[in-house]
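Novice: Next come the chains, spelled out residue by residue.
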Amino acid sequence: AYRTDEGQPWVLPVVKKVEQMIANDNSLNHEYLPILGLPEFRANASRIALGDDSPAIKENRVGSVQSLGGTGALRIGADFLRRWYNGNNNTATPVYVSTPTWENHNSVFMDAGFKDIRTYHYWDAAKRGLDLQGLLSDMEQAPEFSIFILHACAHNPTGTDPTPEQWKQIAAVMKRRSLFPFFDSAYQGFASGSLDKDAWAVRYFVSEGFELFCAQSFSKNFGLYNERVGNLTVVGKDADNVQRVLSQMEKIVRTTWSNPPSQGARIVATTLSSPQLFDEWYANVKTMADRVLLMRSELRSRLEALGTPGTWNHITEQIGMFSFTGLNPKQVEYMIKEKHIYLMASGRINMCGLTTKNLDYVAKSIHEAVTKIQ
Amino acid sequence: SSWWSHVEMGPPDPILGVTEAYKRDTNSKKMNLGVGAYRDDNGKPYVLNCVRKAEAMIASKKMDKEYLPIGGLADFTRASAELALGENSEAFKSGRYVTVQGISGTGSLRIGANFLQRFFKTSRDVYLPKPSWGNHTPIFRDAGMQLQAYRYYDPKTCSLDFSGAMDDISKIPEKSIILLHACAHNPTGVDPRQEQWKELAAMVKKRNLLAYFDMAYQGFASGDINRDAWAVRHFIEQGINIVLSQSFAKNMGLYGERAGAFTVICSDADEAKRVESQLKILIRPMYSNPPMNGARIASFILNTPDLRKEWLTEVKGMADRIISMRTQLVSNLKKEGSSHNWQHITDQIGMFCFTGLKPEQVERLIKEFSIYMTKDGRISVAGVTSGNVGYLAHAIHQVTK
Chain X
1 AYRTDEGQPW VLPVVKKVEQ MIANDNSLNH EYLPILGLPE FRANASRIAL GDDSPAIKEN
61 RVGSVQSLGG TGALRIGADF LRRWYNGNNN TATPVYVSTP TWENHNSVFM DAGFKDIRTY
121 HYWDAAKRGL DLQGLLSDME QAPEFSIFIL HACAHNPTGT DPTPEQWKQI AAVMKRRSLF
181 PFFDSAYQGF ASGSLDKDAW AVRYFVSEGF ELFCAQSFSK NFGLYNERVG NLTVVGKDAD
241 NVQRVLSQME KIVRTTWSNP PSQGARIVAT TLSSPQLFDE WYANVKTMAD RVLLMRSELR
301 SRLEALGTPG TWNHITEQIG MFSFTGLNPK QVEYMIKEKH IYLMASGRIN MCGLTTKNLD
361 YVAKSIHEAV TKIQ
Chain A
1 SSWWSHVEMG PPDPILGVTE AYKRDTNSKK MNLGVGAYRD DNGKPYVLNC VRKAEAMIAS
61 KKMDKEYLPI GGLADFTRAS AELALGENSE AFKSGRYVTV QGISGTGSLR IGANFLQRFF
121 KTSRDVYLPK PSWGNHTPIF RDAGMQLQAY RYYDPKTCSL DFSGAMDDIS KIPEKSIILL
181 HACAHNPTGV DPRQEQWKEL AAMVKKRNLL AYFDMAYQGF ASGDINRDAW AVRHFIEQGI
241 NIVLSQSFAK NMGLYGERAG AFTVICSDAD EAKRVESQLK ILIRPMYSNP PMNGARIASF
301 ILNTPDLRKE WLTEVKGMAD RIISMRTQLV SNLKKEGSSH NWQHITDQIG MFCFTGLKPE
361 QVERLIKEFS IYMTKDGRIS VAGVTSGNVG YLAHAIHQVT K
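So the protein sequences, as listed, match chains X and A.
The UniProt record's numbering numbers the first residue of the first sequence as 1 and each following residue consecutively.
The UniProt record's numbering numbers the first residue of the second sequence as 1 and each following residue consecutively.
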């Protein structure tokens, strides 16, 4: 979760404002939402992902399912795919997740019933970047119709994203081999500070004519973590197909949670549908993104100034909340035990944990770990 | 071509269809008796005062929005368990239970169903009363369980077929799962009397069945939260380690906030910890962690003495209004000159009433009087007001005389 420079959680000012508006509106009550969710939320959420000028929206071939966070959106999508994709109830369809990936991806698809979950190459530890050749090779060899879970931006946990040129290559292979793109978009806006930039990959795939799913989370970019605000965007060939897909997703939702929670969706819908509130929100998002970007550049410059062995450009080339530092397990243990800095054994740090007050200490500690431990 | 060419259109929801048709109707006297939500005597949704107060308290505390634990808000789950089991419950005091927050009743039922699919080794069969809430069947089916039934409602008397139920339950294979509505049976409104619950408990114990209680109306049925939880507590006292799904949609009017809980009564606190760890493993790949708002409101209400007192009064108020509408409906039918026995309308309890009306009669009510209900003759008493109960009685008499 995001932290301020004081190391505190941050409720976005625009969220506080909108919550007050909602509390003061006596015409509102706590009645059930429709099964697929609050209509104004669904439309706005998908519009954010696909862009105001999205041809798919204009052509009326976009569907949306309000879900319990990004996880809930992934799960509804996974349950639907297991029932209806590549035949009926084809649990043998391979599902590919990146190496590494958010560990819950595996569980979501397993519990949805898929029996064959595989990995595709992603992180190249030696060069501390994307293993594009490995990734493309895995896609070439994947059975036709395999499902690929793609991180739309700010890859979790590596922070390493394909460039637009690399995304184009990925899309070309996926199209040729009839692979299904399932995007996980948990950081739109939060990663670069730009909604459009962070949605580039998803929109490119849409423009290439793919049918795809995109699981969206508003946990980070709205700071609404515990309200569980998410959206599954469905892009299909035409309105008729999308309508039938949604009708079946409705059946899945009905036996999972019946209808989604109201509060978070109201906050997001109110914000996104008001030009003024939208601008305020955008500024709040940029505040968060900019702080993380600042911490990245400050950490990198300190490490380079200290002359810490190795290259550190990956710290600023990576994006989003997390960074794969490249520290090995022994160095991580040193950081934890000797310096009381907590990070994952993978070397992943949460950039939100950095503040102007602790930057020096963290940089020095990394320097020590790298020079003392091999 | 599309990946989805072969995807069939899902069948329309029967209850939604009722509301859609109601909305299109221009008759000023129209009534929507399909609605599964409480309405006040003006036919409007009712936000409880204690809810408004809790919301104001929460707003003033300026809390953050950090993720809840996977199992939910601890103050909420503890209070939910205490509400269901009773503060003097041995099971509650000893800690031999686990309660996780669920997405209202449906989400809690589904967590339980998934848990049983994974860990209940002796049977795939879940026995539902005939009839049961329409969503029970697909929930258990999607969780990978099989559905069976036991006799429950007697259409000839519009009441409980107790001997039929006991007979069927006596034949359920041992170590199967039986689902019971704790109070205010949905859709019939027919509940066993306490004496009958005692016999049911003895039979369930004899057959060594896992009793799965669905309690969506505690307090909302009789107006008394302890009375409505009597069956749940009796079973536990008889040594039956039940599992339980609770909803706060109706009794706190928190419908869209999705406040609910799933409880497993265990042998001891250690078993409870192990069960809890497995429930979390099931929840995480569904939605990671539950929504805060409804649970926070419910927790403030249950844990703040003044608010709790106010809530008990308000929930009794809702239950009393429903009971009064039942009474008025019957007396109005008598005034219309109906010779039928309508006693079941006041014998039944909770939001719903199985009127006993046949499909043709329901059809006429819809077409001739703009009174909307489901084809099985079920009405939501919550949709009846002192302003329209006369009209309803008149219409029912017209189609049944």
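These are calculated hints, taken from the structure and not from any lab test.
Heads up, some of the hints might be wrong.
Said to hold, decoys possible - Keeping only pairs whose Cα atoms sit at most 25 angstroms apart, straight-line, the calculated DSS-like set for lysine-lysine is:
#1 K115/X / K121/A
#2 K401/A / K156/A
#3 K251/X / K375/A
#4 K23/A / K156/A
#5 K251/X / K130/A
#6 K17/X / K62/A
#7 K358/A / K16/X
#8 K175/A / K205/A
#9 K130/A / K358/A
#10 K53/A / K17/X
#11 K17/X / K23/A
#12 K16/X / K62/A
#13 K375/A / K130/A
#14 K115/X / K23/A
#15 K286/X / K62/A
#16 K121/A / K62/A
#17 K16/X / K175/A
#18 K23/A / K251/X
#19 K121/A / K205/A
Novice: Would you mind marking each hint as holding or not holding in the structure?
Specialist: Structure-based check of each hint:
{"no.": "1", "hint": "K115/X / K121/A", "in the structure": "holds (21 angstroms)"}
{"no.": "2", "hint": "K401/A / K156/A", "in the structure": "holds (18 angstroms)"}
{"no.": "3", "hint": "K251/X / K375/A", "in the structure": "holds (21 angstroms)"}
{"no.": "4", "hint": "K23/A / K156/A", "in the structure": "violated (33 angstroms)"}
{"no.": "5", "hint": "K251/X / K130/A", "in the structure": "holds (22 angstroms)"}
{"no.": "6", "hint": "K17/X / K62/A", "in the structure": "holds (12 angstroms)"}
{"no.": "7", "hint": "K358/A / K16/X", "in the structure": "violated (53 angstroms)"}
{"no.": "8", "hint": "K175/A / K205/A", "in the structure": "holds (10 angstroms)"}
{"no.": "9", "hint": "K130/A / K358/A", "in the structure": "holds (17 angstroms)"}
{"no.": "10", "hint": "K53/A / K17/X", "in the structure": "holds (19 angstroms)"}
{"no.": "11", "hint": "K17/X / K23/A", "in the structure": "violated (34 angstroms)"}
{"no.": "12", "hint": "K16/X / K62/A", "in the structure": "holds (9 angstroms)"}
{"no.": "13", "hint": "K375/A / K130/A", "in the structure": "holds (16 angstroms)"}
{"no.": "14", "hint": "K115/X / K23/A", "in the structure": "violated (45 angstroms)"}
{"no.": "15", "hint": "K286/X / K62/A", "in the structure": "holds (23 angstroms)"}
{"no.": "16", "hint": "K121/A / K62/A", "in the structure": "violated (46 angstroms)"}
{"no.": "17", "hint": "K16/X / K175/A", "in the structure": "violated (52 angstroms)"}
{"no.": "18", "hint": "K23/A / K251/X", "in the structure": "holds (23 angstroms)"}
{"no.": "19", "hint": "K121/A / K205/A", "in the structure": "holds (18 angstroms)"}
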